[in-house]
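J.: Listed below are the residues making up each chain.
Number of protein chains: 2
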Amino acid sequence: MQFHHHGYVSEDPRVAGAAGTGIDRPADLPDEMDVLIVGSGPAGMLMAAQMSQFPGVTTRIIERRGGRLPLGQADGIQPRSVETFAAFGFAERITAEAYNIAFMNFWGPDPENPGNIIRTTRTEDYGLKISEFPHLIVNQARVLDYFAEAAEIGPGRITPDYGVEFLGLTVHEGDEYPVEVRVRYAAGEREGEERTIRAKYVAGCDGARSRVREAIGRQHVGEFSAHAWGVMDIMVETDFPDWRTKCAINAEAGNILHIPREGGYLSRVYVDLGEVAADDNHQVRSTPIEKVIEKANEILYPYSLDVKEIAWSSVYEVGHRVTDGFDDVSGASERTPRVFLTGDACHTHSAKAGQGMNVSMQDGFNLGWKLGSVLTGRNPESLLATFTAERQPVAQQLIDFDREWSSLMARKPEEISDPQELSNYYLATAEFPSGFMTHYSPSAITGTDEHQSLAAGFPLGRRFKSVEVVRVCDGNAVHLGHHARADGRWRVYVFADAGGSRVGEWASVAGPVLAGFTPSDADADAIFDVKAIYQDAYEDIDILSVPKLFLPKSGPLRLTDWEKVYTAAPNTWCKDDIFAEREVSRDGVVVVVRPDQYVAAVLPLDATAELESFLKGAFLPA
Amino acid sequence: MQFHHHGYVSEDPRVAGAAGTGIDRPADLPDEMDVLIVGSGPAGMLMAAQMSQFPGVTTRIIERRGGRLPLGQADGIQPRSVETFAAFGFAERITAEAYNIAFMNFWGPDPENPGNIIRTTRTEDYGLKISEFPHLIVNQARVLDYFAEAAEIGPGRITPDYGVEFLGLTVHEGDEYPVEVRVRYAAGEREGEERTIRAKYVAGCDGARSRVREAIGRQHVGEFSAHAWGVMDIMVETDFPDWRTKCAINAEAGNILHIPREGGYLSRVYVDLGEVAADDNHQVRSTPIEKVIEKANEILYPYSLDVKEIAWSSVYEVGHRVTDGFDDVSGASERTPRVFLTGDACHTHSAKAGQGMNVSMQDGFNLGWKLGSVLTGRNPESLLATFTAERQPVAQQLIDFDREWSSLMARKPEEISDPQELSNYYLATAEFPSGFMTHYSPSAITGTDEHQSLAAGFPLGRRFKSVEVVRVCDGNAVHLGHHARADGRWRVYVFADAGGSRVGEWASVAGPVLAGFTPSDADADAIFDVKAIYQDAYEDIDILSVPKLFLPKSGPLRLTDWEKVYTAAPNTWCKDDIFAEREVSRDGVVVVVRPDQYVAAVLPLDATAELESFLKGAFLPA
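Protein chains in written order, with the working numbering: chain V, 28 to 649; chain F, 28 to 649.
Chain V extracted, bound-state conformation (with noise of 0.2 Å):
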C-alpha cells in the first residue's frame, strides 16, 4: 500500500482523499449525470466502486430498495473473485470472516442398504491449488457491503441513492446527456414521487426482472427447466458428520448440495425438489420451507436435520437465459452504446455452479474502468463497444456449464454409473467455476498472440497470473500482480534481459511514447503503471542505475518511487522465478495489462513501434 506522496497521512490510508465530483457530492440525485448505475448487486455495487476511482466523472447508483441488502442471494466467491477483492483492498478481510472451502465431499446411497448415505469420495477443493487466491463462501451482503466502502472511501465518494427505482429509459442521440431516465422515489421522504433524470450512460444492474433490459428491447432467450429446488440458510443440530463439509449428496430420496457458510454456524442447504408438471405455473415456488426441510430429512436418512433458526430461504425452479444483446446497439448500428446490461439482468441459470455473483462482478469490472477511460478522454467511445464483444461469449460459456453442473447434480442414483464422476467433473473442470478460463479475443485492447511465445505464460486476453518476486528497493517478496489496484489504470510489465542492456533502450524509446497518451499534468505512471522485472541477483542490481521510467517521482512533492523496480532471480526467502515458471524470454518482454488485469499485449523489447501502434489503436493521444 502506498500513500503519504502527497503529504503526511495520519488516519486510515485506505481512505483516499477526496477529488473531482467527490469533493461537495451532493445527498440528493442531481438532474444530469455522467453515469447512472441501475442496481446495487454485485456487478453495480464493484462499478461504483471502481467508478470512485475516477472522481472526474460523476456517477450515481441507484436502487429500489431502501437500504443495504440484510440477507440471501449468492454466497460462492470464486479464487477471481478474491483476486478482484484483492485488487479492491478488501481480499484479507473478507477472507478472514468467510468460510473456506478445503474439501468437497460427495455421498451417495450405501450399496448395501441403499435408503442410506454413504460418503464416497472425498475432493480436495481447487482452490488454492489452482491460484494463490481461495474459493469462499461469504453472504453477497458482506461483498456488498466491502464494495459499498470502497466505493465511499475512493475519491468519489459514492454512495448508493437508496429508494430510487427505475421506470424507464429513452436515448437521444446527440444530446449532452442522452439517456433519459424516468425514476420513482420507492422509500423515504418523497416516496411516489417521479423525476427525469438524464445520464451519458446506463448501466442496468438490476437483475434478473431488469427493466433497464426491457427499456432497450432486449430478450432474455431461454428456459425454465422442469426442476425445482428449495434452498434455505439455515442453523441446526445434526449427526450428520460433514456438516461443515461442502458436500453434493444423490440420494435415492433426491439431491442436496450444502455448503456450509461462514461464521461457523450456518450452512446454506440446497433441496431438489424433483421434477415439476408442466402445468405447475410456478405453483413450486409456494412450497411450504417445512416441506423443504422434509425433504432434506428424507434425502439426508439416515442423518437428520434439526433446524434451530432459517435465517432466509426460497424455491425455485432452475432457469438457463442470455440475453441477446448486452447492450443497447444492434449489430448494424454505427453508434456506440448507451446503455448496457450486466449480470443476472443478461445472464441468469442455477445457484449451485457458485457463479452467479462471480461472474456479474466481472462484467462489472470490465465495464466500469472503459466507461471511466471513455468519459475522461483517455480512450475512444469506441471502446465501449467491446463490452458485449466480451462479456456475452462468458455469459453463454457459464450457461453451458451450469447446465452440465446443475443437470448431473439432480440426477437420479440408478443414472450414475461411476460414483466418481461428479467429483472428477469438479476437479477436471475446476479453472472454469475458478473464474480463470475467460478469455477475450482479439480487439483494440487484446493484441494479436504473434509474440506470444516470448511470455508463453501469460496468454493474450487471459488474466494476468501473478509469481511472487522480489521488490529490489526493501528485499520483500511480494506478489507481483497484487500490487495491482482497480484504479483504472494499465500495468506494463517490463521483463528485462539479462544485463539489463536492452531494457535500458526499451526504456528511452518507450517512455516517450507513454508519456504522449498521459496528461502532461498527471503524475508519470497516471496512466501507465510501468514496473521492471529483472533477472539478476537482488544483491547485484543497483536501483539507482535503473531507467528513471521505473523510478518515476510522483504527487506535489515529486518523490521517488521506490517500489517499481523488482527481481525474479530466485532467493531462499523467494524461490520463484517468474521467468522460468511463466515461459518469459530471457531476451526479455513487455506484457501489457488492462486496468481488469487481463492481457492486452506481448510484445518484444525492440517493438516499440508495435507498442506506439497498439496504442494508437486503444487510446487517444492526451
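Bear in mind the hints are in silico, worked out from the structure with no lab data behind them.
Mixed in with the good hints, there may be bad ones.
One copy or two, either will do: identical chains are not told apart, so a pair holds if it fits within one copy or between any two.
To be verified - In silico DSS-like pairs for lysine-lysine, Cα to Cα no more than 27 Å straight-line:
no. : residue 1 : residue 2
1   : LYS602    : LYS227
2   : LYS492    : LYS318
3   : LYS602    : LYS580
4   : LYS322    : LYS580
5   : LYS492    : LYS602
6   : LYS580    : LYS335
7   : LYS335    : LYS575
8   : LYS439    : LYS322
9   : LYS156    : LYS575
10  : LYS318    : LYS156
11  : LYS318    : LYS335
12  : LYS602    : LYS156
13  : LYS439    : LYS318
14  : LYS580    : LYS643
15  : LYS156    : LYS322
16  : LYS335    : LYS322
Once you have looked at the hints, place chain F on chain V.
T.: Here is chain F on its own, set in the frame of chain V:
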C-alpha cells in the same frame, strides 16, 4: 471467525452485540467505575480493548489530549505484537498497511576512503524466521486506531474520554470504590473544571512523566545518558540506495538508524547528535531540525538527503529507567494492589531497539485480563499481585538489552573491530526483540515444570507458539494458536493419545472440574476454551464420536461448535505435525494457556487431580 450462534449476523461480524455496561454506556465520565485507565497510549488502548471483552465491568479511559494521536511516537512492531494484534482481530489489516522489514543492512566507513560510507552487510531480518508473524513498522497512531476500534466494537463499547487530565489520587482501602481520583477537563466545553471520581482500580498508562507514578510515590530509577539523538519522520529525495531498507550506519561523522516507514515514501531517521556536556541541562533538546538534517547528511556522505517534508521531529537524550515497583503496594503490605503502572510510566529507554510500544502493550495485555477476571469474580484478588511480579523483571531485561544495543549503535568506527559484530548481535539476539523471550516464573497462574518433558516445545511461562493443524470438521489447515482471541478466556489444549481412549477418560473427569469454575448460566466454554488435537489421520476421525466436551453447544440456540477438534497427522495440505514440532508426548498431554497466551500448565492426561488443584489455586469456584 465464529458468529451467528446468537442468531443471524447480517453486518460486520467483528462488531459484537453490546452487552452489560456497553448497553447505554454514558457519554460522560461517571462518578464511579470499576477500572480507570489513565492515558491512551499503546498500553492504555490495549487495556481498553481488552476490558471491552468484560462488559460486566465498567471501564473508562481518560486522556489529557483532546483527541486521537495524529503522528510521531513509536513505530516498531515486533512479531509478538502482530501475534497480539491477531488476538484482537486486526493483524491482517495493519500488516497490509505497514512496512514489512525483510532486511537490515549495515553501513560503515569505506576502508579505502573512510570519509565515505559503504554497505558492509545485508542481514535478513528475523521477522518471519522466528514465528509466522512479520516484523513491521507502522505509526503508533494507527496501532492506537485499531485498538480504539476493537474497544468500541467489543461488547463493552469503550471509547476514550479525551480532554480529561489526571491530577492525583488517594486510596481509601475498605471502600467499595477505594481509589479517589482528581481530574480536570483539559479540553472541550467543561475545560478547566475539576472533578473527583472513584474507581476500584486505576491503571497508570500515562507515559514517562506519569502523574499516577508520582501519586503513588513510586520512583523512576536510572539516568539520562550523556548521548543525544535527533529523530525525524521525513520525505526526501536521495541517492542513498538503501532508503527503503532498514539500516544501521556507523560513519566517521556519527551514526544513523534509518527505518523506512509505511506507505512507501516516509522514513524515520535517528541521527546521533553525540555526547552532551555535563552542564547541558537538556539544552540539546532545542537543537533545530536543520542541524539534525545537516548532521544526517554528514553521516551519509557521499550520499545526501534533500528533505521535502518533515512530518514530525524531536531531539532527546537516551534514558534508561525502571520504576521501583509497578503497583501501589510495598513488599510488606498484606493488601492487594489498587493502582498499577504500565509502559513508559514504569520503564523508559532508547527508541532504537524498537521495543517500547511492544513491551508497553504486553504490560497492558498482562494487566487487562487479570483486572477483568478479578472484577467478574473468576479469580481471587491475589491474582493482581502477579502483575508486578511478572512485568517488572521483563522491564529490567528490556533496559539491559536496550542499553547494550543503543551503546553498540552509538559507537565510533574506531571502536568497532569487526564490521560484522553489530549484525551478528542483531541476529543472535533476535528472539528477544521479537518479543518471544518473556518467561514468567511459577506462581498461582504458572505451574511447575514437573511434567514439562511431556510438551518440551511449550515451555511453562512462555507464550504458546502455534503450529498448523487440520480442523476436522472442514479439513482446513489452520494455526492452532490463532483461534485464540483476546477475549479473557483460558485455552485448554488437549493433545490426545494415539487412538484417543485415554483422552476420553480425561474428558469425563476433567469436564466436570472445568464446569465447576464456569457459571452455570454461561456457555460451557465461557471460561475455558477446550480444544482437542488428535494424532489420527484426518479421514479416520469420526467427529461425532469425540467426547462432547470438545463439541460444546453454545448460544441461545444451543448450537454445536464444530471447530474445537483438530488433527496433527501430516497431510499433503498441512505438512506440520504439532506433536513432533513441539515435542508433545504421543501418550497425550494437557496444555493450559492463559488469556494472554502464556503457557500456565503442562499435565499428563491422568493428572486430573493436579489440574483441579492448579485451578483451585488460580480460580474461585463459579
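J.: Against each hint, give a clear statement of whether it holds in the structure.
T.: Right, here's what the structure says about each hint:
no., hint, verdict
1, LYS602 / LYS227, "neither (49 Å within a copy, 56 Å between copies)"
2, LYS492 / LYS318, "neither (46 Å within a copy, 49 Å between copies)"
3, LYS602 / LYS580, "neither (31 Å within a copy, 45 Å between copies)"
4, LYS322 / LYS580, "between (65 Å within a copy, 26 Å between copies)"
5, LYS492 / LYS602, "both (17 Å within a copy, 26 Å between copies)"
6, LYS580 / LYS335, "between (60 Å within a copy, 13 Å between copies)"
7, LYS335 / LYS575, "between (64 Å within a copy, 19 Å between copies)"
8, LYS439 / LYS322, "within (15 Å within a copy, 81 Å between copies)"
9, LYS156 / LYS575, "neither (38 Å within a copy, 35 Å between copies)"
10, LYS318 / LYS156, "neither (39 Å within a copy, 56 Å between copies)"
11, LYS318 / LYS335, "within (16 Å within a copy, 71 Å between copies)"
12, LYS602 / LYS156, "both (18 Å within a copy, 15 Å between copies)"
13, LYS439 / LYS318, "within (20 Å within a copy, 83 Å between copies)"
14, LYS580 / LYS643, "within (25 Å within a copy, 65 Å between copies)"
15, LYS156 / LYS322, "neither (35 Å within a copy, 53 Å between copies)"
16, LYS335 / LYS322, "within (17 Å within a copy, 70 Å between copies)"
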